[in-house]
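K.L.:
Please work from the sequences and hints to get the whole structure.
Protein chains: 2
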Amino acid sequence: MKKLRIAQVAPIWYPVPPKKYGGIERIVSYLTEGLVKRGHEVTLFASGDSKTSAKLISSSPHYLAGKKIPWSDTFWELENLASAFKKASNFDILHCHVGLRALFFEPFVKTPTLFTFHNPLVSESEKLPPALEILKLHKNQINACFISKSAKKLCPIKIPKSWVVYNGIDLDLFKFNPQPRDYFIWVGRVEPKKGIENAIRVAEITKIRLYLAGKIDPERMEYFEKNIKPHLSEKILYIGELPQKKLAKFYQGAIACLNPIEWPEPFGLVMAESQACGTPVIAFDFGSARELVKNGKTGFVVPFLNKRGERNIEGLIGVIKNIKKIKRINCFNWVKGNFSLEKMIKNYEKIYYEILGKY
Amino acid sequence: MKKLRIAQVAPIWYPVPPKKYGGIERIVSYLTEGLVKRGHEVTLFASGDSKTSAKLISSSPHYLAGKKIPWSDTFWELENLASAFKKASNFDILHCHVGLRALFFEPFVKTPTLFTFHNPLVSESEKLPPALEILKLHKNQINACFISKSAKKLCPIKIPKSWVVYNGIDLDLFKFNPQPRDYFIWVGRVEPKKGIENAIRVAEITKIRLYLAGKIDPERMEYFEKNIKPHLSEKILYIGELPQKKLAKFYQGAIACLNPIEWPEPFGLVMAESQACGTPVIAFDFGSARELVKNGKTGFVVPFLNKRGERNIEGLIGVIKNIKKIKRINCFNWVKGNFSLEKMIKNYEKIYYEILGKY
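Protein sequence lines, in the order shown, are assigned to chains F and X.
The first sequence lines up with residues 1 to 359 when you count with our numbering.
The second sequence lines up with residues 1 to 359 when you count with our numbering.
What the hints contain is simulated information worked out from the structure, not anything from laboratory work.
One should not assume that every hint holds.
Each computed EDC-like pair below joins lysine to aspartate or glutamate, with the alpha-carbon atoms no more than 16 Å apart [unchecked claim]:
no., chain 1, residue 1, chain 2, residue 2
1, F, Lys215, F, Glu241
2, X, Lys235, X, Glu204
3, F, Lys68, X, Glu133
4, F, Lys67, X, Glu126
5, X, Lys37, X, Glu342
6, F, Lys139, X, Glu79
7, X, Lys67, F, Glu126
8, X, Lys139, F, Glu79
9, X, Lys246, X, Asp172
10, X, Lys67, F, Glu133
11, F, Lys136, X, Glu219
12, X, Lys136, F, Glu79
13, F, Lys346, F, Glu33
Chain F is faced by these chain X residues, among others (derived, beta-carbon under 7 Å) [stated by the list, open to error]:
no., residue
14, Pro70
15, Trp71
16, Phe75
17, Ile134
What follows is a set of in silico ranges between Cβ atoms, one per label pair, in the way DEER data are often shown [said to hold, decoys possible]:
no., chain 1, residue 1, chain 2, residue 2, range
18, X, Pro70, F, Trp263, 16 to 24 Å
19, X, Pro218, F, Glu222, 22 to 30 Å
20, X, Pro107, F, Arg290, 27 to 35 Å
21, X, Pro192, F, Phe224, 30 to 38 Å
22, X, Pro70, F, Arg38, 38 to 46 Å
23, X, Arg209, F, Lys215, 53 to 61 Å
24, X, Lys37, F, Glu222, 54 to 62 Å
25, F, Glu310, X, Pro107, 53 to 61 Å
26, X, Gly66, F, Trp263, 28 to 36 Å
27, F, Lys68, X, Lys149, 32 to 40 Å
In this text, a Cβ means the ideal position worked out from N, Cα and C, and glycines have one as well.
P.N.:
Rendered as structure tokens:
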């Protein structure tokens, strides 16, 4: 197959790869490096403090979160997008990872574009928000990729040319460990929808040792102080945000990872990373949980509500008792077979060729 | 001169023209109709509920404020912009009235573009906000128009190709009235920076009759209830938001218009409308006030701070005593000579030809 000239357009909120937090930037980094290794000529549009073996083009010298620019200010994001699309004729394909604002630039260029929607595209009411109204206007012109079947299904706009590619996990980093230590974990950004309070509730009732790891955004500090801190104890510890290597060790030592989320997460990276290390996952049945956890084999997917219509804490407790029945090697093999970096990179490559075949 | 194919790109927050509130949409409407009358082939990009004798193209069937879309949601605005720029090759010139996001699309088209910056471009700190950083990146490529010398001067980015065109007032609507009734007025959107509290303070001390007119945004209701309502009385009345015809009558009957603003308004439409009706203006010396009011001839421009560094209420009171010295006909002539619709339309037309001569 002919090697391609590929543009990867990353978000610029964090560097590519990010130092700690920055899930999309990390995936773009793995994809970019993987495509370079496979012989493609790759150009990465990302913040100036990114590191890559591809050619780097940066509108913004620094990543936006580091400059304390609020999420709602999209000026730099638009400049990054515009600069990539301005150079479109240099590429065989553009691959955009920055959400729906890229739709506005796509009609100006002849180069085919693939959009991966990393963030959920859902509408809570029948009335669509403007972003989805715009997606509706553009749906027949675009090539779209979702990061789970669930994310694709939940999107209220059906896009004719669309695919699903799961995120990949770095198995050299998240290595299998057959023998855990004595603790359970919860990992995520500290916010209600990530289910941190459900995990704590379970630990308080069952007296298991629970370690909590993840970023606290400044606007969540009050939530942490009020809802989380009072529950911390000798057995329930908050250990902060961990860099990748420490996070891997953290997963490896855990008996299981509690992921009792309360939202349809498009792809639960935490679930995949945990299982890569051999650590089974106990998740509430939301979003991609059923795709990421093989229920009864690599962990448990528990219905969110019990018969009384309340949060199903007893469901979580019930499966914790059976956690020893899950073979850790099954978790690893499951990730290796379905969520490896190699698989993700090859899947995207295949889609690029498929799209180009059509043009 | 050859007649031009002109695209006018309006904001879509209100229809063009707006029914009540919507200063930019109103100016775009006057400009569009004026250019059509002068024989140009004009296309207006605006919300679907706009009315125009030009060709109307609408991405959004309805104006956004009517759909309760928050100001921060820029998806429809971007779609409106993208749709105009997509058709750029059909026009000799594009004239954008929607602020800085248009900068992202300009590099994709060959058609020259003029940007009128209706909103203030100012930075309160030395560190530029992202929008102005982006303007800095684009400054040498663009044609920019400010709506007052003050607005141009306050913009921290110096744009080589830039002009000033004052807004125009419809003198058929805001007609001269030689003989006022017995009241003073304040007109504006109800918010602190528009100086409504300063006007009330003056009225309370001098016992003048003061009528307040203007829109209260939902998020300002609390401000109104707390800071304005307790001061209302038999002599100080709030009469709501007035449609254009009633507003003209309101100006015509006033002894003077108090405009003790506390921000550098790029172009104080209220000041121009009031003077068109023959009603002198008493303003604090901010932004365009010195350009719009001929101090001592058509009203008074009062320093914002007194010698003690406080709001100069006594300065306002001092000139109120002299208000009878202002000849109402001077106010009208001043507006007719400098801020007529005809003048605005001809000035823009002149800039279009100037820009096209350069390309």
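K.L.:
For every hint, state whether the structure bears it out.
P.N.:
Evaluation of the provided hints:
no., hint, verdict
1, F/Lys215 to F/Glu241, "holds, 5 Å"
2, X/Lys235 to X/Glu204, "holds, 9 Å"
3, F/Lys68 to X/Glu133, "holds, 15 Å"
4, F/Lys67 to X/Glu126, "holds, 14 Å"
5, X/Lys37 to X/Glu342, "holds, 11 Å"
6, F/Lys139 to X/Glu79, "holds, 14 Å"
7, X/Lys67 to F/Glu126, "holds, 14 Å"
8, X/Lys139 to F/Glu79, "holds, 14 Å"
9, X/Lys246 to X/Asp172, "holds, 14 Å"
10, X/Lys67 to F/Glu133, "holds, 13 Å"
11, F/Lys136 to X/Glu219, "violated, 31 Å"
12, X/Lys136 to F/Glu79, "holds, 12 Å"
13, F/Lys346 to F/Glu33, "holds, 12 Å"
14, Pro70, "violated, 9 Å"
15, Trp71, "violated, 10 Å"
16, Phe75, "holds, 4 Å"
17, Ile134, "holds, 5 Å"
18, X/Pro70 to F/Trp263: 16 to 24 Å, "holds, 22 Å"
19, X/Pro218 to F/Glu222: 22 to 30 Å, "holds, 26 Å"
20, X/Pro107 to F/Arg290: 27 to 35 Å, "violated, 45 Å"
21, X/Pro192 to F/Phe224: 30 to 38 Å, "holds, 34 Å"
22, X/Pro70 to F/Arg38: 38 to 46 Å, "holds, 44 Å"
23, X/Arg209 to F/Lys215: 53 to 61 Å, "holds, 59 Å"
24, X/Lys37 to F/Glu222: 54 to 62 Å, "holds, 59 Å"
25, F/Glu310 to X/Pro107: 53 to 61 Å, "holds, 55 Å"
26, X/Gly66 to F/Trp263: 28 to 36 Å, "holds, 31 Å"
27, F/Lys68 to X/Lys149: 32 to 40 Å, "holds, 34 Å"
Taken one by one, the earlier hints fail for this structure at numbers 11, 14, 15 and 20, listed in ascending order.
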